[in-house]
Amino acid sequence: MAVKYDLNEREVWDGNFAASQALRQAQVDVVVAYPITPSTPIVENYGSYVGNGYIDGEFVMVESEHAAMSGCIGASASGGRVSTATSSQGFALMAEVLYQASGMRLPIVLNVVNRALASPLNVRGDHADMYLGRDSGWIQMGAFNAQEAYDLALCAFKVAENHDVRLPVMVHQDGFITSHTAQNCYPLTDEAAYKFVGDIVPVDDMLDFSRPVTYGAQTEEDWHFEHKAKQHKALMDSRPIIDEVYAEFAKLTGREYKRVESYLMEDADVAIVALGTTVETARFAAEELRKETGIKAGVVAIRCFRPFPFDDVRDALENVKAVAVTDRSSPGGAMGAFYNEVSAALYTTVNRPLVTNFIYGLGGRDFSIDEAKRIFTEQQAHADAGHITTDIQQFSGLRGPHLGYFKTKRG
Amino acid sequence: MQDINLLANDNRGKSQLEGGFDLLGWDEVQQGSVLPSFDGDATGIANMKSEERSYSGFNSYTATVASWRVQKPVFNIDVCIDCQNCWVWCPDSSILSRDKQMLGIDYDHCKGCEVCVEVCPTNPKSLLMFNENDDIETALSQWPEKKKKETK
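Line by line, the protein sequences are chains A and B.
Going by our numbering, the first sequence wraps up at 411, each residue one higher than the last.
Going by our numbering, the second sequence wraps up at 563, each residue one higher than the last.
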């Protein structure tokens with residue numbers, strides 16, 4: 001029997017502590033982990049909860065992130081509630097095994113504290129690791145602050161373990177900006193949190209000796225395609241279930257989440273589309289800019305990056321005139337991946353807003369309120385001109401000469 | 412001489428590994444490609460003999476890989492001392508043995524690796540490799556004599 005952990009109605013937690021408290025309250029059975037900055041405190045705290053008797057679980061320290069996710073797969077296939085955390089290089093080392101977890105339909109929850117990928121080595125937050133996971137078949141949710149890192153981690157178990165989903169879920173938060181910034185958080189009581197998440201009901205668990213199963217089968221060209229199609233459908237079909245879980249959570253806490261969040265979008269002419277902590281910066285800039293200049297600025301944030309909300313993001317943006325899609329990951333010789341996805345959705349609207357791409361904030365470079373205002377203002381210039389007046393892709397907050405690519409043919 | 416179907420049940424080796432199944436659509440395949448080994452409740456199956464178990468179509472027991480083999484081991488019961496070395500070492504559980512008595516080879520799953528021959532300690536060996544198409548009776552009739560100790 002676990003020792004009672006005293007909680008106040010309001011706690012001061014950083015994103016890492018918040019996520020680890022969610023793991024404790026969800027009574028995670030097994031955490032298999034290898035430490036990496038800035039995600040380390042999540043698994044470290046879980047280990048201390050086990051060591052101090054606050055939870056009946058098992059903390060397994062392994063030799064690498066590859067082994068960490070492999071261990072999670074074993075524990076999850078055995079029927080346990082399983083979670084871990086990682087960042088950056090650790091995420092990259094885990095990548096191969098991420099595909100195994102989703103392919104085997106195992107409901108593991110991975111807390112990803114977003115951090116840049118080397119080289120050059122960098123410990124700060126950008127979205128390179130998050131992007132690396134985007135085709136891995138996991139559900140990816142984004143928290144924009146510590147409270148959300150806690151809330152979404154609880155929701156993640158409930159989504160992942162739903163028998164109509166049975167897919168692993170990543171809960172992302174931005175390295176340091178969220179993970180190490182202490183903020184007011186309002187936790188549920190242990191009882192309410194666990195009641196919300198519920199008991200895990202295993203599927204095809206390897207400890208069911210009345211029904212032995214094989215995990216990790218080989219399928220060649222005659223079977224592989226069908227299995228991947230079934231997996232894709234499960235991911236696409238998880239959308240309404242995520243909505244249901246968010247709705248149930250809102251009923252419990254009053255904190256309402258949507259797969260696509262819209263701020264000041266009712267009458268917006270121009271919008272920034274963003275992920276992570278940038279959302280809060282852009283929201284603040286939009287409010288100020290509206291007062292200062294009358295530019296009708298709004299913000300669309302993607303809460304659920306995978307399954308990508310193609311229809312909801314389109315609905316949120318179809319009536320604006322100009323959209324800036326922001327990618328916090330080095331695009332590696334292409335338009336930003338997020339830009340491409342939002343653009344594809346907007347291409348199927350009647351109005352087809354003008355869409356430009358900003359590469360920003362790499363390696364934790366600060367994204368300022370002034371820069372967000374400048375981007376909004378530039379969108380207004382596109383809207384007034386009726387076409388894109390700058391390069392379609394630009395780097396924002398970069399020292400040195402202007403760096404940008406491609407002109408529109410619509411002007 | 413070994414009966415080819417020694418200790419087989421209705422299921423063993425009934426399908427070829429390739430193309431032996433109905434090709435189902437994406438909506439019918441196993442979730443997560445997780446494959447149950449047995450049909451029905453398998454409680455206590457560890458205490459059942461393989462020929463009594465209800466292996467599912469997903470279990471390799473029900474598929475044959477005999478076609479992979481170029482050479483096959485042949486078992487000579489007259490020389491065997493039931494030491495179980497071959498049973499321990501066979502990587503494909505293809506040595507058929509009951510109550511520590513060696514009975515023969517599961518030719519549906521043996522891949523002809525020759526490990527059993529290598530580890531057999533008798534003189535002459537109780538297991539020898541022959542061409543896949545040689546019949547067992549002929550093979551047994553060609554069995555070598557006991558090798559004499561060299562005199563100095």
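Any given hint could turn out to be false.
[Claimed, not checked] Cβ pair distances, simulated, as ranges: (1) B:Q427 - A:E44: 26 to 32 Å; (2) A:S78 - B:S552: 30 to 36 Å; (3) A:T219 - B:W554: 40 to 46 Å; (4) A:E58 - B:E529: 54 to 60 Å; (5) A:M236 - B:D546: 44 to 50 Å; (6) A:N340 - B:E463: 42 to 48 Å; (7) A:A217 - B:Q413: 49 to 55 Å.
[Said to hold, decoys possible] Here are some, though not all, of the chain A residues that point toward chain B, as calculated from beta-carbon distances under 8 Å: (8) M104; (9) E287; (10) G333.
It is worth saying that the hints were derived from the structure and are not from the lab.
Even for Gly, the Cβ is constructed at its ideal location relative to N, Cα and C.
Checklist entry - Which of the listed hints are broken here? => result As far as the earlier hints go, 1, 2, 4, 5, 6, 7, 9 and 10 are violated by this structure, in ascending order.
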